[in-house]
Amino acid sequence: MKNAAKRMGLVALPILSLVVAAASALAAAEDGRQTVESVCNRCHTHEPICQNLNRNEAWWHMTALRMINNGAPISQNQAKDTALFLATLKPGSEPVCK
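According to mature numbering (1 follows the signal peptide of the UniProt record, and there is no 0), the residues represented by the sequence shown are -27 to -1, 1 to 71, in order.
Hints are computed from structural coordinates only; laboratory data are not their basis.
Incorrect hints may have been included.
To be verified - Cβ-Cβ distance ranges computed for the label pairs, FRET-style:
{"id": "1", "residue 1": "Ser48", "residue 2": "Asn(-25)", "range": "46 to 54 Å"}
{"id": "2", "residue 1": "Pro68", "residue 2": "Asn(-25)", "range": "45 to 53 Å"}
{"id": "3", "residue 1": "Gln49", "residue 2": "Asn14", "range": "42 to 50 Å"}
{"id": "4", "residue 1": "Glu30", "residue 2": "Asn(-25)", "range": "37 to 45 Å"}
{"id": "5", "residue 1": "Asn(-25)", "residue 2": "Asn14", "range": "52 to 60 Å"}
{"id": "6", "residue 1": "Asn(-25)", "residue 2": "Arg39", "range": "53 to 61 Å"}
{"id": "7", "residue 1": "Glu10", "residue 2": "Gln49", "range": "54 to 62 Å"}
{"id": "8", "residue 1": "Glu3", "residue 2": "Asn(-25)", "range": "39 to 47 Å"}
{"id": "9", "residue 1": "Arg15", "residue 2": "Cys70", "range": "13 to 21 Å"}
{"id": "10", "residue 1": "Thr61", "residue 2": "Cys16", "range": "16 to 24 Å"}
Ideal Cβ placement from N, Cα and C applies to all residues, glycine included.
Kindly generate the complete structure, drawing on both the sequences and the hints.
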């Protein structure tokens, strides 16, 4: 009986870790979406973002850091979340490509 409970715990812990990680990624992506919608269009339209939705997370992160250097009022964490969000979108996706 104790061995069964121990095995169940060994199985449940990695599954729980995956669920927590997935929830964290979803929250980060949602924060990224909010940043795109509320900050990015202060300086430019969404057109250049829409045209680059085929890019990966690293490219978007470097782009967000460049925007920070140009005065964008976002934090390093917001830059990461925004990169994660934009990297998950397919070309033509809303809300970026309206």
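Hint numbers contradicted by this structure: 3, 7
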